[in-house]
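With these hints in hand, go ahead and build the complete structure from the sequences.
Those protein sequence lines, which keep their order, are chains D and X. Per the numbering used here: the first sequence = residues 2 to 338. Per the numbering used here: the second sequence = residues 9 to 290.
It should be emphasised that the hints constitute simulated quantities derived from the structure, not laboratory data. Certain hints may be false.
[Unchecked claim] Result set (SDA-like, lysine to any residue): computed pairs, CA atoms no more than 25 Å apart in a straight line:
#, chain 1, residue 1, chain 2, residue 2
1, D, Lys62, X, Ile150
2, X, Lys277, D, Tyr203
3, D, Lys111, X, Lys25
4, D, Lys17, X, Ile150
5, X, Lys114, X, Leu21
Each chain, written out:
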Amino acid sequence: MATWLADTKKWIKSRKGQQVLICVAFTVIPLFLLFLFTYLPFGQMVKFSFYKMKYSTPVDKRVFVGWKNYIDVFNRKDCFGALKLSVYYCIGAIIQLVLSLYLATVLSFKVKGENLFKGLMFFPYLISGIAIGFIFKFFYTRGFVLDTILQGLGISLDSLPYWLKDQKVNNWSLVATSVWRYFGQNMVLFVGAIMSVDAELYEAAQLDGANRFQQFRHIILPSIKTIVTLNVILSITGSLSAFEQPYVITDGANGTGTYFVVMNEIAHTSQKVGLASAMAVVLLLIIFGCTILQKLFFKYIFRDAESEEESYAAKKARIKAEKAAAKANKQKTMAKN
Amino acid sequence: MKRKHLTIQATILLILKYFSLIFFGFVAVIPVVSCVITAFKTSEEYQSTNVMTLPESWLNFDNFIKAYQAANMGRAFINSLIVMVCVLVVSIIVGTQLAYVLNRFKFPGNTLIRNLFLFASLLPGVAMQVTVYNIMSSLGFINHLYGYIIMMCGTDVISIYIFIQFMENIPVSLDESAIIDGASYWTIYWKIMLPLLKPAIVTSCILKGVGVYNEYYAANLYLQDKDLHTIATSLYTFVGPMGSQYNLICAGVIISLLPALIIFIIFQKQIYSGITAGAVKG
Chain D
2 MATWLADTKK WIKSRKGQQV LICVAFTVIP LFLLFLFTYL PFGQMVKFSF YKMKYSTPVD
62 KRVFVGWKNY IDVFNRKDCF GALKLSVYYC IGAIIQLVLS LYLATVLSFK VKGENLFKGL
122 MFFPYLISGI AIGFIFKFFY TRGFVLDTIL QGLGISLDSL PYWLKDQKVN NWSLVATSVW
182 RYFGQNMVLF VGAIMSVDAE LYEAAQLDGA NRFQQFRHII LPSIKTIVTL NVILSITGSL
242 SAFEQPYVIT DGANGTGTYF VVMNEIAHTS QKVGLASAMA VVLLLIIFGC TILQKLFFKY
302 IFRDAESEEE SYAAKKARIK AEKAAAKANK QKTMAKN
Chain X
9 MKRKHLTIQA TILLILKYFS LIFFGFVAVI PVVSCVITAF KTSEEYQSTN VMTLPESWLN
69 FDNFIKAYQA ANMGRAFINS LIVMVCVLVV SIIVGTQLAY VLNRFKFPGN TLIRNLFLFA
129 SLLPGVAMQV TVYNIMSSLG FINHLYGYII MMCGTDVISI YIFIQFMENI PVSLDESAII
189 DGASYWTIYW KIMLPLLKPA IVTSCILKGV GVYNEYYAAN LYLQDKDLHT IATSLYTFVG
249 PMGSQYNLIC AGVIISLLPA LIIFIIFQKQ IYSGITAGAV KG
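Encoded structure:
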């Protein structure tokens with residue numbers, strides 16, 4: 002017993018023991034939180050999707066209903082059908098991507114007041130969702146901001162639709178809000194990626210007489226390929242799970258209820274937790290499916306370019322390693338002194 | 009001849025360039041500017057004039073005062089501040105510690121932990137709240153600031169990536185020489201890593217801070233008590249009976265976004281770099 006204790010003490014004091022201790026100590030809390038607020042609810046979601054229950058239903062009163070909730074998701078008109086609204090958001094996401102790519106390219110050339118423009122376009126991203134709801138309820142109200150501007154351009158009020166009530170346009174109004182909110186953030190992302198391109202490349206291209214479009218096509222686009230791909234994937238999964246704009250602006254009224262808005266209502270207003278869980282599981286499966294398909298698709302498209310990029314990455318890594326080594330050597334000699 | 013052709017093309021490009029920047033700059037600010045204009049109008053003025061007509065007086069702060077009191081925004085600012093400070097302190101400490109361990113030590117499960125966090129970031133928040141709500145209520149966390157704070161600490165992935173990315177550029181030889189000098193791992197983390205991580209910490213503080221400040225969905229679910237409203241949820245006061253008094257609502261909205269605007273003006277560069285760093289890895 003005594004030797005065992007002494008051994009443990011010795012082990013704790015050893016390097017190896019210290020390493021294990023610090024690894025455990027530093028990962029316990031984040032892993033616990035991750036488990037508690039992500040994986041435990043995830044497991045519960047799968048389990049609840051087979052039950053008929055409310056939040057307040059005691060554990061023993063919950064009724065097991067098998068696949069009924071899943072059948073309901075596909076049969077109820079308001080559930081699965083709501084996914085078709087994603088098409089609007091997907092088109093919006095593509096417009097947003099093209100627009101922000103264009104603006105980022107413009108900003109990457111010499112522009113006066115670059116920071117001002119960048120700031121103005123980025124700021125909407127920092128406004129809270131609920132504030133955006135109020136701003137755009139106001140913006141789209143009959144005879145208010147948007148109508149006034151359009152009237153100023155010579156369009157009569159009678160020919161304008163009710164932006165949030167008319168089912169022909171209201172989803173587009175919401176999509177426009179989403180584009181308004183995120184295009185500046187996207188643009189900043191792309192500007193960052195473009196800036197990381199070697200400036201010498203542009204100079205060389207200009208010397209060779211390449212015009213702006215050629216510069217964009219052959220220098221900018223290849224170098225920001227990864228981040229554009231990432232954004233395409235994000236925008237498709239994002240449009241499947243579109244939620245905020247309809248939730249805060251129209252509350253899902255007049256045919257603007259996206260899948261998640263409907264799910265949110267079923268969960269927190271009607272308290273049909275089982276059905277809502279089934280809806281969540283179905284959409285998660287669709288999102289995973291989409292993500293995997295897209296990854297494969299882009300891998301297939303970029304299979305030729307891969308080798309080229311790899312060598313570039315390898316070169317970069319080598320330079321980085323050399324620099325780090327030089328620095329380390331310097332520090333070592335300094336430490337010795 | 010050729011030269012002239014080129015200048016025409018260049019001029020067109022120049023015009024197109026500034027036209028698109030000015031146009032989209034306008035598009036970006038008009039919804040907010042119209043709100044500012046309306047916030048300065050008296051009720052009669054608001055009723056009688058067009059929304060885009062400038063207010064008679066830019067010094068009419070009545071709406072701001074009324075909105076501030078109606079939504080109890082003083083209390084809400086304090087709540088938001090408490091939530092932000094707690095969440096930032098906890099998630100910075102926990103996040104840097106995790107990043108330190110994941111970056112510096114090879115142990116079984118290292119990749120698994122990274123993947124667990126990555127997978128978690130794929131799950132949409134709204135869907136998760138369906139069952140997180142159940143957990144929060146069984147823990148008795150609903151309508152308590154601490155409950156909301158603990159939940160907000162647990163849902164952070166991007167800042168961990170920013171930290172890991174930053175640590176990759178801190179040479180391991182620093183750790184090694186410290187070990188030779190007899191430093192413990194804790195000392196290395198506390199005395200070497202944390203100070204060197206400062207730029208990454210600032211970036212992640214700003215990004216996460218703005219995120220927490222603007223969070224309204226979960227705050228609305230878990231902090232329904234009026235005294236527990238944060239700035240974002242205090243705006244819910246204007247839903248309902250006050251729903252058409254837009255001069256008041258706009259004033260409330262403007263008050264709520266002022267702090268974010270100030271932070272943005274001061275820390276523009278860090279915000280941009282944080283957005284870029286977070287996206288590349290995430």
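Verification of the hints:
no.: 1; hint: Lys62(D) - Ile150(X); result: holds (23 Å)
no.: 2; hint: Lys277(X) - Tyr203(D); result: holds (24 Å)
no.: 3; hint: Lys111(D) - Lys25(X); result: holds (10 Å)
no.: 4; hint: Lys17(D) - Ile150(X); result: violated (43 Å)
no.: 5; hint: Lys114(X) - Leu21(X); result: violated (54 Å)
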